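Chemist: Using the hints, position chains B, C and D against chain A.
Number of protein chains: 4
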Amino acid sequence: MLCGQKLSPLSFLSLQQLQFASQEEKQEFSKFPTKTGRRSLSRSISQSSTDSYSSAASYTDSSDDETSPREKTQVNSKGSSDFCVKNVKQAEFGRREIEIAEQDMSALISLRKRAQGEKPLAGAKVVGCTHITAQTAVLIETLVALGAQCRWAACNIYSTQNEVAAALAETGVAVFAWKGESEDDFWWCIDRCVNTECWQANMILDDGGDLTHWVYKKYPSVFKKVRGIVEESVTGVHRLYQLSKAGKLCVPAMNVNDSVTKQKFDNLYCCRESILDGLKRTTDVMFGGKQVVVCGYGEVGKGCCTALKALGAIVCVTEIDPICALQACMDGFKVVKLNEVVRQVDMVITCTGNKNVVTREQLDRMKNGCIVCNMGHSNTEIDVASLRTPELTWERVRSQVDHVIWPDGKRVILLAEGRLLNLSCSTVPSFVLSITATTQALALIELYNAPDGRYRQDVYLLPKKMGNTERPALAKQTKRFIFYLLYISKRNT
Amino acid sequence: MLCGQKLSPLSFLSLQQLQFASQEEKQEFSKFPTKTGRRSLSRSISQSSTDSYSSAASYTDSSDDETSPREKTQVNSKGSSDFCVKNVKQAEFGRREIEIAEQDMSALISLRKRAQGEKPLAGAKVVGCTHITAQTAVLIETLVALGAQCRWAACNIYSTQNEVAAALAETGVAVFAWKGESEDDFWWCIDRCVNTECWQANMILDDGGDLTHWVYKKYPSVFKKVRGIVEESVTGVHRLYQLSKAGKLCVPAMNVNDSVTKQKFDNLYCCRESILDGLKRTTDVMFGGKQVVVCGYGEVGKGCCTALKALGAIVCVTEIDPICALQACMDGFKVVKLNEVVRQVDMVITCTGNKNVVTREQLDRMKNGCIVCNMGHSNTEIDVASLRTPELTWERVRSQVDHVIWPDGKRVILLAEGRLLNLSCSTVPSFVLSITATTQALALIELYNAPDGRYRQDVYLLPKKMGNTERPALAKQTKRFIFYLLYISKRNT
Amino acid sequence: MLCGQKLSPLSFLSLQQLQFASQEEKQEFSKFPTKTGRRSLSRSISQSSTDSYSSAASYTDSSDDETSPREKTQVNSKGSSDFCVKNVKQAEFGRREIEIAEQDMSALISLRKRAQGEKPLAGAKVVGCTHITAQTAVLIETLVALGAQCRWAACNIYSTQNEVAAALAETGVAVFAWKGESEDDFWWCIDRCVNTECWQANMILDDGGDLTHWVYKKYPSVFKKVRGIVEESVTGVHRLYQLSKAGKLCVPAMNVNDSVTKQKFDNLYCCRESILDGLKRTTDVMFGGKQVVVCGYGEVGKGCCTALKALGAIVCVTEIDPICALQACMDGFKVVKLNEVVRQVDMVITCTGNKNVVTREQLDRMKNGCIVCNMGHSNTEIDVASLRTPELTWERVRSQVDHVIWPDGKRVILLAEGRLLNLSCSTVPSFVLSITATTQALALIELYNAPDGRYRQDVYLLPKKMGNTERPALAKQTKRFIFYLLYISKRNT
Amino acid sequence: MLCGQKLSPLSFLSLQQLQFASQEEKQEFSKFPTKTGRRSLSRSISQSSTDSYSSAASYTDSSDDETSPREKTQVNSKGSSDFCVKNVKQAEFGRREIEIAEQDMSALISLRKRAQGEKPLAGAKVVGCTHITAQTAVLIETLVALGAQCRWAACNIYSTQNEVAAALAETGVAVFAWKGESEDDFWWCIDRCVNTECWQANMILDDGGDLTHWVYKKYPSVFKKVRGIVEESVTGVHRLYQLSKAGKLCVPAMNVNDSVTKQKFDNLYCCRESILDGLKRTTDVMFGGKQVVVCGYGEVGKGCCTALKALGAIVCVTEIDPICALQACMDGFKVVKLNEVVRQVDMVITCTGNKNVVTREQLDRMKNGCIVCNMGHSNTEIDVASLRTPELTWERVRSQVDHVIWPDGKRVILLAEGRLLNLSCSTVPSFVLSITATTQALALIELYNAPDGRYRQDVYLLPKKMGNTERPALAKQTKRFIFYLLYISKRNT
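Line by line, the protein sequences give chains A, B, C and D. Position 13 (the first sequence) corresponds to 38 in the working numbering; numbering is contiguous. Position 274 (the second sequence) corresponds to 299 in the working numbering; numbering is contiguous. Position 235 (the third sequence) corresponds to 260 in the working numbering; numbering is contiguous. Position 154 (the fourth sequence) corresponds to 179 in the working numbering; numbering is contiguous.
Simulated from the structure, these hints should not be mistaken for lab results. Treat the numbers as computed from the prediction; the structure is a model and nothing was measured. Don't take each hint at face value.
All copies of an identical chain are treated as equivalent in the list; a pair is satisfied when it fits inside any one copy or across any two copies.
As a list, the in silico DSS-like pairs of lysine-lysine whose alpha-carbon atoms are at most 25 Å apart [unchecked claim]:
(1) Lys362 - Lys392
(2) Lys359 - Lys287
(3) Lys392 - Lys359
(4) Lys249 - Lys392
(5) Lys435 - Lys138
(6) Lys249 - Lys273
(7) Lys362 - Lys334
(8) Lys334 - Lys289
(9) Lys103 - Lys289
(10) Lys243 - Lys287
(11) Lys287 - Lys138
Bound-form chain A, shown alone (with noise of 0.2 Å):
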C-alpha cells in the first residue's frame, strides 16, 4: 500500500477476515478488561462533561456532517492527505485547544524546550495509540519536536477531539481517528498506522495495548525493528506481564502504569481535588459544616478526607484494613462503622475498591437529601441494582443526578448511578495528563537510547529513585523529568 493512500472498503474487508485468525484467538481477545472499565475511557468521558465549557464540544455538535470520514479525501495545506479525521478544516480550532493545554502542561513542554536541541528521538519512528484529545496532541508535537516521526490511532472509538485530531493533521501528523469510530473504523485506523510501506515503526506507545495487540497478531515481523513498548493503562501492562510469564515479549516494554508519579496523581493529589469539584458541578452542595462519611482510607480515601475536612465538612471514616484506620484516626478523622452513622449523614462517598460496601439496607435508612457517591475504583461499590425497584422512583434531576424517591418522599441523591464520581463529573486537569505524557516521553527516550543489554525482553518500571547506578542514564532523565514538574513552583528565568 502507497503512503497516504486511502484504504479501499474491500481491502478493509480483507483486514476483517485477517483479524482473527481463529475463534479462539477473538475469545482470548476479548478477556480484555472491557474498555469502560478503563480509566483512559472515562477521562474522555469526563472531558465531555465539561463540553458547556469548551467551545471545541460546540464545533464537533454543530458539524453536520455525515458522510464516513474514510469515505473523504482531505488534503491538508502543506499537500498532504496521509491521514484520515472528521474534518481537517476544524483545525484551527483545534489548534486553540491544544495552545489551552500547553498553559499547564508545563513539564512537557520544558522537556520540549530542553531536549528539541539535543533530538533524544532522532529517527524515532513512533506508532501510537492513545486518546486524542488537546493534552495527548501536546505530547505529540513534544515527540515531534525532540526529532520522532509519528503516527497516530485512538484508542477509544468516542474519545476523540475532532478539532485536535485536525489540528495535528494540519501540521503533518498522520493521525487516523475520529469521534463515533465503529468497530471496523477503530481497527482500520489502527491497521493504517501500522501497515504503511514507506515507513517502518521502531518504537510503539500504547493505551489499552490494542495496538499492541494487533502488531502481535497481524504484523509480528515489526518487532525486529521495534526497540521497546511504552504502555500506559492497567489493562496493557497486565497483558505485557501475561505475554513476559509465557515468555512471548520479544521487545523490552516500560510499564508507565505503575510509576510512583502517576499513582500518586491518579489517586492522592488527584482526588483530593476532584471530589469538591465533582460534587460542587452537580450539586452545588456547600461543604462547610456537612456530616461526610467516607468508606475506605486508602490514597483515594486520604484525598478525599483532607479535601472535605479542609473546606469544614466534618469527616468520619470506614475502614477494615487496621493500618489504614490507624492512619485514619491519628488524621483526626473518627472510625466508624457506617451502619452507626447512616442515619445521620449527609454524604456517603465510597473509596474501597470493594463490592456493595453500600447496601440497600443502608441507602433505606438514609436520611433526606443524603448525597451518595462513589470515587473507588469499580461501579459496584454502591449497590444500585438494589435501588431499580418498583416501590423507588427515580428522576433524573441534571445530568449525572439522580433523585432516588422512597414512597416516604424521602429521596437520596445518586451521582453518576454509582459510577466514579471523579471521571464522570468532573475533569482531569491537564497537569496531571502532563505528568503522565511527560513519563510517556521519557520512557520512550530511554529505551530508544538505551545501549544494547541494557534491556531484556521484560517489562520495566522508571526508577522511582536517581541514581540508580544500573540505568544512569534513565535515572537521570527521571532527576530532569521531576525537575520539569517542579518547575511550575520554580521562579520563571
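Modeler: Below, chains B, C and D alone, put in the same frame as chain A:
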C-alpha cells in the same frame, strides 16, 4: 382594578406617566446603585452560568413562544388567573427544581415544619420583590405554610426562572414575573402586586428597594397598614437609612443584609468554596503546587487563602491594612508586594475592594499561563481596560475565559473579564441562600408579631446575640433560627 | 527628699498612714479586681513555671541573703545608688536573660533601631509600674534608647526577676523592685519612683492602675506636667474609664489592652500554641487520635480547636452562643452537648468564661484517664470544689498535675487545679509580649509628641486602621509598628 | 548458683574473663553500633530531660546512698531477694509513675484485660533486656498478667528509673537494674537474669541485642528451650539478620523495629508533635508567622512541616529526592535550596539523615536569632564542629540551648548541640511506647504459641495486613492489636 384582571396597555401607559412625578424624582431614583453592581443580580448570572447542569435551562430555551406574557391569559389548574408568568404549563418542571433546592435548605424547611402549627404569619399579606428562583420559591412557600398570603414580582428583569414562576402560579401564588422583562414590564409587574382591589399588603419583603420605592411614590397610603419592611440588599438598606435620616421612613424596617450570618456566609464561608469551584469550572487547573498571590486579606481573602492552602497551593498575600497583614502573617501566609512576586506566580486573585490593584504593568510582567481573576467587590480591581490595546490579542477560549496574548506569544488567562469570579463562574449554594431566606422569614415574623412600641420608624438589625432583654421575642427567634441552621449537623431524629 | 536617698522606715510609715485618706477610699480601692485574676500577674506565674528551664531561676533561688533590699545600700558600677534591687551583682546573669528575650522581640528592637536617631522621647520622663521581667527590660531599654529617662517599680510582688532588675539598675535605670516584696515594700517602691526631688515624671506607663492610683491620691500635682497615661491591663483600663465617666481624668490616657493586636495575640494566636505546650509539659500526652471536647468557641476556643485538630485530635465543641456555634459548625467541628460526649472523650478543655461549665456529675461520668483543664478566663469553669470530698483521693503526680481517684480506681487528670493552663503550665512567648510592649512604646511616643488639642482628657484606643485622618500621626506610628511586626517575616536586608 | 543468691565479686571476675573468649570476638562485638546512636538510649535522655516535671526524678537525685546495689541485700515485702535494684523502698513512688504511664497506654491495658482470661503466656519464661522505665513496667506487668514469668535487666546503664525498678522488684519480678551501672554491672545484671538454676528462659525479649549476644556466647544451650526472640532495635535486628545470613540463627526471631505501626509512630506521628514540643520547651518561641526551612521531606520532615504549617509558620523545604520534592510541592511547600533562603529564615530544621546538611558557611549567613536544630537520624546533620572556632563565643543559656555568638554580635541559637531535638528536648509519649510494647507482647504471644513448623530459624515481620492466610493466627493477633489501638478513639463501653 379587579383582582386578577389583566392590565390594559392603556392603563400601563398611564402608570408609566405616573411613574416619575417629576424630573427630580427620576434623578433621585437614578442615584440608586446600578443593579449590575448588586450581588443579587449576579446571583442570576451565576445561575445562568450553570445552565448546562440544570434541566430547567433547556425548558426555558426550548420555549419558542415569543408572545409577551402580558398579552396572554393563562389559568392555573385551580381556575385562578391572578398571576402573569411565561407559561404556567411548565409548572411541573419548576416543581422539580424547587424540590431539588429544598434538599439543601434545611434551615427553612425546619422553620416551616416547626412553625406551621403556630401559623405566626396568619393574616399577614406579604408583597415581595426578589429574584424568582427555586430557592426563593422555597421561601415563598414557607411563608404561605406559616399563614401568609403572598403577591410577588421579580427584582431583576433577567433572573426569573420561568418554570419556577409557573410552579408558584400553579399553587396559587400571585406571581408576576418572567425572564427577559422590559423595563416597562418590570414596573408593571410590581404594580400588579401592590395595586389590587381586594387585597392590601401589610408586610413588604424587598431586595433592592424598587418595590419600596414604588409604594412610596405611588401608593403612600399603603404604609398605613404596613407593619414593616424587610430588605436584603446593600442598595435597599442604604436607601432605607437615607429615608430614616431624612425622617421619611414611616414604618420599621429590618436590615437583613448586615446580619452576621449573612455577612459570614456571603464572604468567608461562601468564598472559601467558590474560589475553588470557579477556578475549576473555568480552567480545570490543578491547585496542588501552584504559586498563588491573593491580594487582600479581608473575609473574602481569608476564605480564598484557606481553601487554596488546604489543597496544596503555595499562597502569599498582599495587604495594606496592617491588622489584616498581621493576621495573614500569623496564619502562615507570607506577606509580599505584588511586584515582588508577579513574575513567578501561577495565579493572581484580587479580593481588596479597591481599584486597579492589578495594573497593566504587572500584567505585562506575568508569566505565560498566569491566571488572573477577581473575587472582590467590584469589577475594577484588575485594570482590564488597559488590556484592550491593539498590540494584545484577545481570544475567547471558553465561556468566561479569555486568553490575552502578548506579541511574544505569552498568554494571560483572564476570567470573567475581571468581573466577580464567584458570581460569574460558580454557584451560590442553596444552603447559603437558605440562611438569608430564613433570616428574611424570621424578620417578617418578628415585625409582624411585635407588640406596638417595640419598633419605631427606624432600621433595625437582627440581634447578634441571644438573650437580648430588650427584644426577647426576636432573640428567641434568632436562637431558634440558629438552631435550624445547626440542625443540618445533627441527628435526624 | 534627695535623689537616691533611702527612705527611712519612719517616712514610710507616714506614707502608709497617708495611703488611704478615708475608709471609703480604701473600700473603693479594694473594688479593684484582685491581682490574681489579672493576666499580668499570671504571666509571672507562667514565668516561674518555666524556671526549671531558665538559668536565671537558680541564681535567685540560691540567693540565701535574707536581708530586705531596703536595708542595704548598693552601688552600681557607675557609682549610682538610685535604685533598690535584691542584688545588683547579679546584673550579668540578668543581661543574658535580656539578650535571650531580645531574640524574639523583633518588633521592639526594630523600633529601637529605626527611631533612635530621631529620639522621639527626648525629654520624656517616664515613670513605670509593670512586671519586671526580661521582656519588660527590653521595653525599658528601648524607651531609653529613644531618649526617655525612666524610673520603674514592679506591679506585682512576686513577678520580679531579680537578675533582670539588677541588670537594669546596673545600666542606670532607677528600678525599685524585687521578688517577694511585702505590701509595704510594694507601695514604698512605687513611691520612690514618683517622689524624687530632682525629677518629675511627665509620662506614666502603668499595668494594673496602682501607680496611677498612687499618683492620684498622693501627688495629684504631678498631673500638671504629665502628658498622658498608657495603661495595659483590663483592671487599669476599667479604672480609667470610671475616672473619665466621673469627669476626674485629668490627662489623656491610651488603652493598650483593647488594641486589636493585643486581643488577637492574647487569645487566638497565643492559645493556639499554649494549649499544646501546656498539655505536653504537664502530661506528655499524644494528641493524634485523641477525642477532645472544647467548651466554648470564642477566640480562645477557636485557637485550641485549630491546634488540636491540626495535630490529629478528633475535636468537638460545646457552645451556647448561636453565632459561635454556627462558626464551629462551618469550621468542621461537631457541635454537641457536654453530656452527650463526656463518657467518651480523652480530654475536656474549658474556654467559656462561665462558671461550673464542668460539673461534678460530669466528672463522675468521665472515663479513666480523662484529662481536664481550663483555658478560659477564670478558675471557676471546672467545679473543682466539688472534687474535694472524702470519697475521692487526690494524688499530686507532678507539678500542676493531680490525679483525682474515684473509689473504683478511675482517675481523672486535673491540670493546674482548674486554674488557667496557659498561664500555669505554659509560657507567654517573648514575641507576644513584644507586641504589647511595642504598642506601649508607640502609645507613649504618640501621647508625648501629640500637638496640644489632639487628645483631650479621655481614654483613647490606638486606631485599628491606618489613614485615620483625624489622627494621622498615630496612624503613621501604627503603620510603622505593624511594619516592625511584619519585619519578622521578611528578608533581613 | 542458687536462686536469689548474690553473686560474689569473685564469680563476677570469672564472668568477666569468660566474657570474650578471644580478641576477635571482642572486636566483632565492638562492631555493634554505639549505644549512643540508638534511639532506645536517647529515649532515656529524653526521659531525663523532663525530670524537672517528674516527681520521680527528685527521689532518685535525693538518694545519697553511694553503696553499689550489688553490695547490699534487699528483701521485698514478700520476703524475696531475687532482684537487685537501687532501693526497693522506693517502690511506692515507682508504682505511681507506672500508674501514670498506664493512663496513656490503652492498647497494652486492653490487651491485658482481654487476654488475661486465656493466659496465652502461661508457662512462658521470658528473659528481657530493655530500658527500665514506667512504660516498660506496664509491659512487664502485662506479660505477667498473661501468665509469663519474667527476669529483667536494663539495656542501658543510665536509663533505669530506680523507683520503677523498685516497684517491679516489690511485686516479685526478678529485676536487676539501676541508674548508673558500670559496664561490669551491666553484664552482671544480664547474667543474673539468664544464669539461674531453678529457672530456664524459653523466650527472649531484647532491645539492642546485648542479651541475645550474651546468651549466644555464654549459654548457647539455653537456645534448646527458647521458642523465639523478639527484638525491637535497629541494632539488634541488624545483628539478627547477620546471624540468619551466616546460618547461625538457631531460633525464630521477630523484628518489631520494622513493623509499620512502629515506623509510622516513631517518625511521622511522633515527630509531628515533638518538633513543637522540643522547640517550645527549649526556646518558648512563637510559631505563628515564623519563616522556617525544613531540610528533608521524608516521614520526619513531613511530620515537622505539617505541624509547623498548622500553627501558622511559613514553611519551605529542601529536598534532593525528586519524588519527595514533588510531594512537598503538591502538599503546598515551596521547594528551595538552603542557600536561597538561609539569610531570611527564623528556623532551620534538619531531617535528612545526611551529613553536614547545614554548613559553617550557611551558619555564617543566618540572621541574628535564627534557631537551628536537628530532627534527623544522626548528630552530624549540622556541622557543629565547625562552630568550635576561636572567633565564635558559645554561651549556654539554658539546658540544651546554646547561643553561638559571632564577632559582630549575631547569635545563632543551637539546640541540643545538634543532637536529636525530639529525643533530647522532648518526650516520647506513653502512647507511642505503648504501640511498640503491644507489638512486642503480641510477638511474644505469637512465637510462644505457634505450632511447630510455622516459624523456621529466620527473622520475621509482623504482617502488615490482616487475613494473611499463611499466618492466620498472627494476622488475627495483629487485627486485635490494632483494635486495641483504635480503642482509644471509641466509646468506653
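Chemist: Now tell me if each hint is right for this structure.
Modeler: A quick look at each hint next to the structure:
no.	hint	verdict
1	Lys362 - Lys392	both (17 Å within a copy, 22 Å between copies)
2	Lys359 - Lys287	between (29 Å within a copy, 21 Å between copies)
3	Lys392 - Lys359	both (20 Å within a copy, 18 Å between copies)
4	Lys249 - Lys392	neither (63 Å within a copy, 46 Å between copies)
5	Lys435 - Lys138	between (57 Å within a copy, 15 Å between copies)
6	Lys249 - Lys273	within (14 Å within a copy, 50 Å between copies)
7	Lys362 - Lys334	both (19 Å within a copy, 22 Å between copies)
8	Lys334 - Lys289	both (20 Å within a copy, 19 Å between copies)
9	Lys103 - Lys289	neither (42 Å within a copy, 60 Å between copies)
10	Lys243 - Lys287	neither (31 Å within a copy, 54 Å between copies)
11	Lys287 - Lys138	within (22 Å within a copy, 46 Å between copies)
The earlier numbered hints that this structure contradicts are 4, 9, 10.
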